[in-house]
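*Asks:* Listed below, chain by chain, are the residues.
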Amino acid sequence: MLDGVNVAYYGAMSIARLTLIRRWCNPFSRQWPLWDPWRLGVMLVALVFAVPVLTVFSFIFHGDTEVMSHLADTVLLNYVSNTLWLVLGVSYGTLSIGIVCAWLVSVCEFPGRRWFQWMLLLPMAMPAYIIAYTYTGMLDFAGPLQTGLREWFGWGYDDYWFPEIRSLWGAMVMLSLVLYPYVYLLARAAFMQQSGAALEASRVLGAGPWRSFFKVALPMARPAIIAGLTLALMETLADFGTVQYFGVDTFTTGIFRTWYGLGDSVAAAQLSAMLLVMVFALVVVERYSRRRVRYHHSLQRVRQPRYPLKHRQAKLAVVACLLPLLFGFLVPFVQLLSWALETAVEMLDAAYLQLVFNSLLLASMAALLALFLALFMAYGQRLRPVLAVQLAVRVSSMGYAIPGTVIAVGVMIPLALLDQTLDSWLRANWGISSGLLFSGTLVALMFAYVVRFLAVSIGTVEAALTTIRPSMDETARSLGCSPWQVLRNVHIPIMRVPLLTAVLMVFVDVLKELPATLILRPFDFNTLAVRTYELASDERLADASTAAVAIVLVGIVPVLLLSHSISRSGKTDE
Amino acid sequence: MNKLLEIEHISVAYGNNSVVRDVSFSLNEGDIGCLLGPSGCGKTTLLRTIAGFETPTAGFISINGMQFSSAGHVLAPEKRRIGMVFQDFALFPHLSVFDNVAFGLHKSMGRVAIAQRTNELLQLISLPDCEGKYPHQLSGGQQQRVALARALAPKPDLLLMDEPFSSLDVELRQQLSREVRRILKQEGITAMLVTHDQQEAFAIADYVGLILNGELAQWDNGYNLYHRPANRDVADFIGDGVLIPGEVMCDYSIETELGLIHGKVPQGCREGCFVDVLIRPDDLIHTDSSPIALEVTEKFFRGSDFIYTLKLPSSQEVLCIAPSHHNHALGEPLGITLDVDHLVVFKREAGTMT
Chain A
35 MLDGVNVAYY GAMSIARLTL IRRWCNPFSR QWPLWDPWRL GVMLVALVFA VPVLTVFSFI
95 FHGDTEVMSH LADTVLLNYV SNTLWLVLGV SYGTLSIGIV CAWLVSVCEF PGRRWFQWML
155 LLPMAMPAYI IAYTYTGMLD FAGPLQTGLR EWFGWGYDDY WFPEIRSLWG AMVMLSLVLY
215 PYVYLLARAA FMQQSGAALE ASRVLGAGPW RSFFKVALPM ARPAIIAGLT LALMETLADF
275 GTVQYFGVDT FTTGIFRTWY GLGDSVAAAQ LSAMLLVMVF ALVVVERYSR RRVRYHHSLQ
335 RVRQPRYPLK HRQAKLAVVA CLLPLLFGFL VPFVQLLSWA LETAVEMLDA AYLQLVFNSL
395 LLASMAALLA LFLALFMAYG QRLRPVLAVQ LAVRVSSMGY AIPGTVIAVG VMIPLALLDQ
455 TLDSWLRANW GISSGLLFSG TLVALMFAYV VRFLAVSIGT VEAALTTIRP SMDETARSLG
515 CSPWQVLRNV HIPIMRVPLL TAVLMVFVDV LKELPATLIL RPFDFNTLAV RTYELASDER
575 LADASTAAVA IVLVGIVPVL LLSHSISRSG KTDE
Chain B
307 MNKLLEIEHI SVAYGNNSVV RDVSFSLNEG DIGCLLGPSG CGKTTLLRTI AGFETPTAGF
367 ISINGMQFSS AGHVLAPEKR RIGMVFQDFA LFPHLSVFDN VAFGLHKSMG RVAIAQRTNE
427 LLQLISLPDC EGKYPHQLSG GQQQRVALAR ALAPKPDLLL MDEPFSSLDV ELRQQLSREV
487 RRILKQEGIT AMLVTHDQQE AFAIADYVGL ILNGELAQWD NGYNLYHRPA NRDVADFIGD
547 GVLIPGEVMC DYSIETELGL IHGKVPQGCR EGCFVDVLIR PDDLIHTDSS PIALEVTEKF
607 FRGSDFIYTL KLPSSQEVLC IAPSHHNHAL GEPLGITLDV DHLVVFKREA GTMT
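So the sequence lines, in the order shown, correspond to chains A and B. So the number in this note's numbering is just where the residue sits in the first sequence, counting from 1, plus 34. So the number in this note's numbering is just where the residue sits in the second sequence, counting from 1, plus 306.
To be clear, the hints were calculated from the coordinates, so they are not data collected in a lab. Beta carbons: idealized from backbone N, C-alpha and C, even for Gly. Among the hints, erroneous ones may be present.
[What the hints assert, rightly or not] Non-contacting residues of chain A with respect to chain B, defined by C-beta distances greater than 12 angstroms in every case (computed):
#, residue
1, L118
2, D193
3, K249
4, F290
5, F361
6, A378
7, W459
8, A462
9, S467
10, R503
11, D507
12, A510
13, L513
14, C515
15, I526
[Stated by the list, open to error] Ranges of calculated distance between the beta carbons of each label pair, as one might list FRET restraints:
#, chain 1, residue 1, chain 2, residue 2, range
16, B, P344, A, Q347, 55 to 63 angstroms
17, A, Q347, B, Q505, 33 to 41 angstroms
18, B, D405, A, V365, 33 to 41 angstroms
19, B, Q443, A, G75, 33 to 41 angstroms
20, B, Y529, A, R428, 40 to 48 angstroms
21, A, V317, B, E426, 52 to 60 angstroms
22, A, S103, B, N323, 53 to 61 angstroms
23, A, P517, B, A377, 55 to 63 angstroms
24, B, G346, A, V353, 43 to 51 angstroms
25, B, A377, A, A422, 22 to 30 angstroms
26, B, G346, A, H96, 27 to 35 angstroms
27, A, D383, B, Q443, 39 to 47 angstroms
28, B, G416, A, V317, 54 to 62 angstroms
29, A, A422, B, N519, 28 to 36 angstroms
Produce the complete structure using the sequences and hints provided.
*Replies:* Set out below in structure tokens:
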């Protein structure tokens with residue numbers, strides 16, 4: 035989820051892309067031979083990384099299986115309508131929370147603004163499935179709220195109506211509460227970048243503050259807001275834990291059930307392909323909305339003083355910023371902590387330590403692997419700015435748009451095929467069996483993680499590399515360094531901090547990843563995320579909290595890093 | 307003198323877009339050369355080709371008699387024994403001044419020798435106390451000198467500088483270009499720089515190559531570029547000046563609107579031949595008592611002098627430098643006398659207009 039941090043680099047990345055596009059217009063490519071190792075290497079990696087998506091799409095032409103026609107007759111319409119409603123509800127929720135908070139924090143002055151500025155990001159640390167379990171525990175019949183109400187009013191079992199959180203609208207609220215920071219983050223950056231002069235011009239021309247906001251500020255920030263919304267919606271489409279737990283049938287739960295319950299990989303792949311089409315439609319809409327983004331940039335930025343809010347206005351602003359923070363993070367986090375304290379004695383055992391170890395192992399391996407590949411791809415792109423390499427890097431970074439469930443299906447099918455082929459070949463020729471060498475081991479899981487999260491590291495490394503001017507490379511070359519030595523002696527030391535960030539972000543993302551881990555993990559291999567899911571599914575919500583708290587705590591780290599850079603930029607603006 | 311750098315018929319193109327066309331020149335050991343030209347003329351591309359960052363489509367580049375570049379073949383930059391200073395200095399932000407300067411020194415030299423050489427250079431650039439500082443703690447001028455020291459440390463055969471002073475402010479630029487010339491001459495370094503600033507080129511270089519539209523228009527010293535431009539384009543780019551029409555009277559005099567001008571007439575021009583004469587602002591001397599007086603149409607105060615724009619009867623305009631206490635109002639007549647030391651005359655081709 036925290037590839038949202040990545041978004042901060044959106045601008046830098048698109049600039050990098052522009053300069054590269056300018057360069058590949060020159061057919062520079064003939065400068066390097068066809069067998070050039072950089073170009074071949076980068077393209078090979080991209081090819082391997084495209085396998086899951088290609089696999090999933092190849093099943094579109096497979097023809098319907100019996101299961102698929104059955105699904106089409108019964109639940110498919112339900113999947114589509116639930117998914118669409120979810121997208122609509124989350125759009126409404128994230129936009130209203132994100133835009134209002136971003137506007138208040140970037141343009142107005144009120145008590146606590148500096149704190150809200152970064153604390154509003156905290157819900158990012160809360161995976162949607164965890165907040166969903168927590169609210170269920172708090173709001174269900176035996177939970178503290180209903181019990182309290184019953185005691186207070188002396189109600190009995192059937193005397194009152196209480197909304198059912200485990201429903202479609204509940205899922206909308208949960209997802210909005212943790213996904214609004216994407217919109218907030220980008221909208222805030224856009225509002226801060228806007229020249230105060232545009233707003234002042236609008237005021238001088240006779241438009242009031244509200245009219246100026248809707249006619250000038252909002253349209254100017256629109257591309258950024260839509261980019262943030264797109265990220266939030268990608269997470270919505272990818273969500274598995276929340277909708278599964280709330281019993282809302284969407285594509286992700288459908289894929290999971292078809293794969294496990296019905297054991298039909300073809301139908302699962304076809305459902306995945308449909309989900310992918312929705313994701314790509316989203317990306318197309320976002321691109322379309324940004325087609326004229328360059329007109330929205332003003333070169334000169336005149337900082338206007340913040341608009342001071344007084345009395346009632348200030349109180350309203352504080353409440354508006356406090357509510358999402360409270361319900362998106364503070365309340366569920368405190369609840370989780372209190373559960374964790376209650377159950378710590380019995381839950382913190384050897385098995386728990388094993389979980390922590392497994393999670394850390396997976397996350398750090400995936401993060402390092404992703405970093406290594408990202409360095410290779412991004413550096414290859416710097417050395418060989420040609421179309422083929424460009425496209426290869428883009429292909430390898432598309433994974434972050436693809437739901438974990440889909441990647442799991444796309445990874446499992448080819449690896450299983452590979453295993454079968456290898457096994458039968460070995461049996462035929464050597465009389466030995468290799469078993470599930472790839473599909474049943476951590477290899478599959480690692481592959482899926484890197485496919486899903488490589489974009490995060492590539493984006494970070496790419497952005498960091500673009501800040502190093504080409505003259506640095508050339509100076510080092512003229513002083514006797516080979517390209518590899520330039521990378522080792524100049525680039526890596528300069529990029530130390532962004533490289534660490536890249537590792538950290540993938541680490542946290544892997545730690546939180548639920549559906550791909552659930553589908554691909556080796557038999558009897560558990561992680562914190564999977565254990566949280568299992569315990570919560572067994573209605574042992576309090577017991578799930580020890581694992582959940584660990585995930586949230588680790589998730590806070592990159593949020594703090596991000597907020598640090600935000601509060602720093604906030605200071606220089608004043 | 308030994309020819310250190312030889313450029314023979316070099317052309318560079320990006321696809322169909324030809325950037326440098328058939329450029330040839332050579333530079334002797336210890337000389338400072340400069341490629342001068344407007345932005346986009348191909349001078350930086352040429353410099354980068356010498357460095358080995360670009361591949362020529364035709365021609366040869368040799369350094370010390372060894373062929374380093376030819377069509378489609380380039381020796382990698384790190385193997386050429388060249389030093390390069392970039393427009394943005396490109397100091398490594400993660401290294402101290404000392405480590406920046408020592409970056410190109412090979413470990414096999416040994417630590418003592420590296421430290422010795424580095425300190426020697428820090429002395430040379432007069433920054434001996436800055437070795438522990440980081441690039442962001444230095445001023446622009448200091449960064450420039452560190453970049454120079456870093457490029458000089460491995461004792462390159464040839465030093466290349468790409469617009470080395472353009473990111474500094476004007477005063478610092480002049481002071482540093484003098485200082486850089488002193489250092490290069492003191493160390494006997496052969497250097498080649500690129501600039502769009504004529505003053506800078508004249509101040510620092512022994513030889514200046516004027517590049518116009520990817521072609522070498524003239525390779526000469528600054529004095530000759532100014533006073534003996536090879537063609538109209540050179541005359542147009544170097545210095546201020548106006549071409550005014552004239553008619554050859556005899557071998558040594560030309561009749562113009564400003565009167566009779568004496569000097570050598572270009573070959574192939576006989577009596578009655580139509581020519582254009584280059585009039586520089588310093589060719590017109592302001593004399594209040596002069597019988598020739600022209601109307602002032604524009605004036606530009608520069609502190610120590612004025613540059614007046616004067617209108618000829620044919621309404622063509624010429625420039626004149628006058629000392630700053632000769633303050634004349636617009637529209638007033640300004641007396642001038644002609645003092646053309648170096649007559650620059652171009653034969654007017656049929657259909658050429660001035």
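*Asks:* Let me make sure I understand: some of the numbered hints might not hold for this structure. Which ones are they, in numerical order?
*Replies:* 10, 11, 12, 13, 14, 15, 17, 18, 20, 23, 24, 26, 27
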